[in-house]
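Residue numbers (the working numbering), protein chains in the order written: chain A, 1 to 477; chain B, 1001 to 1477.
I should point out that these hints are in silico values taken from the structure, not numbers from a laboratory.
None of these values were measured; they are calculated from a predicted model.
Hints are supplied without guarantee of correctness; some may be wrong.
Unchecked claim - Heads up, simulated EDC-like pairs for lysine to aspartate or glutamate below, C-alpha to C-alpha not over 16 Å straight-line:
1) B:Lys1142 with A:Asp171
2) A:Lys91 with A:Glu264
3) A:Lys463 with A:Glu388
4) B:Lys1142 with A:Glu388
5) B:Lys1393 with B:Glu1079
6) B:Lys1142 with A:Asp197
7) A:Lys142 with B:Glu1079
8) A:Lys142 with B:Glu1278
9) A:Lys456 with A:Glu109
10) A:Lys393 with A:Glu79
11) B:Lys1091 with B:Glu1121
12) B:Lys1456 with B:Glu1121
13) B:Lys1389 with B:Asp1459
14) A:Lys142 with B:Glu1388
15) A:Lys246 with A:Asp197
16) B:Lys1456 with B:Glu1079
17) A:Lys456 with A:Glu121
18) B:Lys1463 with B:Glu1388
Residue strings, one per chain:
Number of protein chains: 2
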Amino acid sequence: MTRYERYADEIADLIGQQTLRPGDRLPSVRQASTQRQISPSTVFQAYYLLEARGLIQARPRSGYYVCAASVASKAAPAEPAPSQPPAGSTKVAISELVFEVLGAMRQRELVPLGSAFPGPELFPLPRLARTLAAGMRRMDPKRIVEDLGPGNADLRRQIALRYAVQGMKVDPNEIVITNGAMEALNLSLQAVTQPGDVVAIESPTFYAALQALERLNLRAVEVATHPRHGVDLGALQAVLARHRVKACWFMPNFQNPLGCLMPEQAKRDLVAMLAAREIPLIEDDVYGELYFGRHQPPPAKAFDRLGAVMHCGSFSKCLAPGYRVGWVAAGRHAQAVERLKLMTSLSAPVPSQEAITGYLQQGGYDRHLRQLRQALAGSQARALRAVEKHFPKGTRVTRPEGGYFLWIELPPSIDAWQLHRLALSHSISLAPGQIFSAGRRFGHCLRLNCGHAADKRVDQAIKTVGQLAGSLLAPPA
Amino acid sequence: MTRYERYADEIADLIGQQTLRPGDRLPSVRQASTQRQISPSTVFQAYYLLEARGLIQARPRSGYYVCAASVASKAAPAEPAPSQPPAGSTKVAISELVFEVLGAMRQRELVPLGSAFPGPELFPLPRLARTLAAGMRRMDPKRIVEDLGPGNADLRRQIALRYAVQGMKVDPNEIVITNGAMEALNLSLQAVTQPGDVVAIESPTFYAALQALERLNLRAVEVATHPRHGVDLGALQAVLARHRVKACWFMPNFQNPLGCLMPEQAKRDLVAMLAAREIPLIEDDVYGELYFGRHQPPPAKAFDRLGAVMHCGSFSKCLAPGYRVGWVAAGRHAQAVERLKLMTSLSAPVPSQEAITGYLQQGGYDRHLRQLRQALAGSQARALRAVEKHFPKGTRVTRPEGGYFLWIELPPSIDAWQLHRLALSHSISLAPGQIFSAGRRFGHCLRLNCGHAADKRVDQAIKTVGQLAGSLLAPPA
């Protein structure tokens, strides 16, 4: 961690414990520099970072002040309650609904509040294009027909290295490069299930998990999930006692759509609980790098001793959307996944792998990730303020510690599907709650993508959605 | 067609009808130029082309002569007999065997006679790398998160245009871009079947078709296939009468592994026969562009009036191996395939699509294809001569009119699996016959990849395989 990040974290802690309160003025740059014996530019960078995170704001010719929204005020929207899914398992038939939403989103002019990707302006696309060009220029032609199977060996080593930095020992040979995390997750699921099997998922859950279950004729059992701490292990225990669960598909880090983060001890307990029953965990960790805190949260895979966790990652949300490079570190299921990969799509694209390998080898990925995290933390703070200001009374909203989604629970009388249709007519896309469960529950919830660089159009769109939601409120009884 | 190609075809016809016979001397370049009133360079090019096709050869200071192997001599190996598969349908469990062969092939130093790809030296990789670089440099960043779903719109238009040149009307909207033809075929199969269904395949058939059936828990029924004319329609009729076939997966053009080409009328009849029973045809046409004759053979899709043919193509065998760009023109199943694609791997890689779109827009693809076809025709002729010379008596071999595979039927006492193991110990890969049917039949057959630029190592490897085969012959009774 750099000096300015450490200093910013210190101040953030003071704000968190309310030693510094909304409206308090921070020391001037000169004061802080003298007191702390750090350079003025370090202070500037720290303040800039805190501003990006939405904790402080500059007032012209006056200095930096702690923001009103920096701590949950009484007026701030409350957090949604933990979910209470039905106890039974169910067939899944949600795809039609999901496709309707995704299809509607595919118009270019929409403000993409329903999108699953951060804004493209946040990615180092020109530099990637250069490493891509350089890589393909100097590539040995033989590799174009040989790099099949599990994927580019250098890329698999680079990924293994990134695990090592987190203190995890992952053999490059258990890593299979895939066409994005979506394929990694699907192949993992197919590797450990047969049609008719029961799979445990979060509630609410990412719609692609539902679609994967539907495609493979699997049954879903939904597990109560806390909007801040993730899967409720007590509820999971009850589910495992009642159902013959063949696999779990969870997102312990910054879950889609809730943004919840399982505490480290809960991840440990989860892995142990599943290990005792020999149930594989398919871990979707595509947002793990997008943490706002001081340290990268470990995946559940970090606590896996048996090779039973299939850890799925991707460069699509952190570095190179559209390149379609993901992977799974599949533990003892690696060979099964590799074979399924060969059978379904042969191999991942050579040019994309080449570009990302080159980029990782050059260094600078961590610097990019730092910038990306700051941008996302800042845009989340902006979006939270806008929701607080413009959404109807009674709205609840998550405050994720990473990623770029807010989960918004509207007053119960508002139908999110109706709001989604209405927003479309205002050229705004939304992801209505109905597509995040097998039973079309969460009908008054929304997933809102706040991963965009500061953009008045986005601010205005959030305001518009809030106003539209207000217009859908039932009249007082 | 250019003037020199027309002239070359004239001479090829004379050789075909034996007006010109092996050993005959062709007119000198000067004579031909004067007689036909064409330039000497045109004559040279025509002769060069015929030499590449293996029909004539230059003798130093003497002129050009018709080759001994240009027509089937009495000494030349006979063609294999049509296959006679069992009548019943069967579950498929062949993957283990296929992976064993594919795994063994993955050592770099092998002479790749078992490979599924032509030699990388035959592709315009530097130019592709340049269009890739240029495309990514000037791409609107928004497209990196927007080009999801069915794929790059310009690429789909370019593919539709290539159909149009063949006289086929294919709407860009029925085209789904996939991660290679492998994914196109797999998604097509999944779109029209349920676990337990019966699917008709050729005998022998491409092992990936068997693996796809195995992965989706489908049953196979194999249809007798002629080594020159492809699927036997009489046999297919009998199969359709006996089984409730839910789909056919065939390769009417230069089938893998036989190289057979269904006559145009047979394609028409096939499409009509399936239409009458409302059975979809999954048409694998990845070699259709690699014809040695005068005209590109139409796919079965050309005779489809109902949108029941799912035509799968790819750039991996003709232009850009490793880029992983294929497609399916899926007719009335297009939406189902597009949705499956979204669910399994979201979308095809943007950089690869960009490179190929740019390449097609610039023009020059047809010129490249002409060169590739000439190279493959020439290398096939060389390989056939080597087989004739070095393989044991009683060996039969196909003479495909396109593609880059020979199917070799060895004397029945030779076990192709043993030969494959033996060849590996001589650093040569082979594709043994056992992996080309559900029942591990064709145990004395081989698929031999002859798609390599002139290379003494390849010539020597074919000779070695022939000698090894000879060493495995049973002693005379």
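Tested hints:
1. Between B:Lys1142 and A:Asp171, the direct Cα distance comes to roughly 36 Å. Violation of the 16 Å bound is thereby established for this hinted pair.
2. Pair hint A:Lys91 plus A:Glu264 does not hold up; C-alpha atoms about 32 Å apart against a cutoff of 16 Å.
3. For the hint pairing A:Lys463 with A:Glu388, the CA-to-CA distance comes to about 10 Å; that is within 16 Å, so the pair holds.
4. With a C-alpha separation of about 29 Å, the suggested pairing of B:Lys1142 with A:Glu388 is violated against the 16 Å cut-off.
5. Simply put, B:Lys1393 and B:Glu1079 have alpha-carbon atoms about 13 Å apart, close enough for the 16 Å limit, and the pair holds.
6. Pair hint B:Lys1142 plus A:Asp197 does not hold up; C-alpha atoms about 40 Å apart against a cutoff of 16 Å.
7. At roughly 33 Å between alpha-carbon atoms, A:Lys142 and B:Glu1079 are farther apart than 16 Å, so this suggested pair is violated.
8. A distance of roughly 44 Å separates the Cα atoms of A:Lys142 and B:Glu1278; the hinted pair therefore is violated under the 16 Å criterion.
9. Proposed proximity of A:Lys456 and A:Glu109 is supported: the alpha carbons are some 15 Å apart, at most 16 Å.
10. Between A:Lys393 and A:Glu79, the direct Cα distance comes to roughly 13 Å. Compliance with the 16 Å bound is thereby established for this hinted pair.
11. At most 16 Å may separate the alpha-carbon atoms for a hinted pair to count; B:Lys1091 and B:Glu1121 exceed this at roughly 40 Å.
12. Distance restraint check for B:Lys1456 and B:Glu1121: the Cα-Cα separation of roughly 15 Å lies within the 16 Å cut-off, and the hinted pair is therefore satisfied.
13. Using a Cα cut-off of 16 Å, the hinted pair B:Lys1389 and B:Asp1459 holds, with the two alpha carbons roughly 11 Å apart.
14. A hinted pair counts as satisfied when its Cα atoms are at most 16 Å apart, and A:Lys142 with B:Glu1388 does not qualify at roughly 29 Å.
15. For the suggested pair A:Lys246 and A:Asp197, the alpha carbons sit about 6 Å apart, so the restraint of at most 16 Å is met.
16. Taking the CA atoms of B:Lys1456 and B:Glu1079, the gap is near 26 Å; set against the 16 Å cutoff, the hint is violated.
17. Annotation: proposed proximity of A:Lys456 to A:Glu121 holds, straight-line Cα distance about 15 Å (limit 16 Å).
18. A C-alpha spacing of about 10 Å is found between B:Lys1463 and B:Glu1388, which places the hinted pair at or below 16 Å, so the restraint holds.
Hint check: violations occur at hints 1, 2, 4, 6, 7, 8, 11, 14 and 16; the rest are consistent with the structure.
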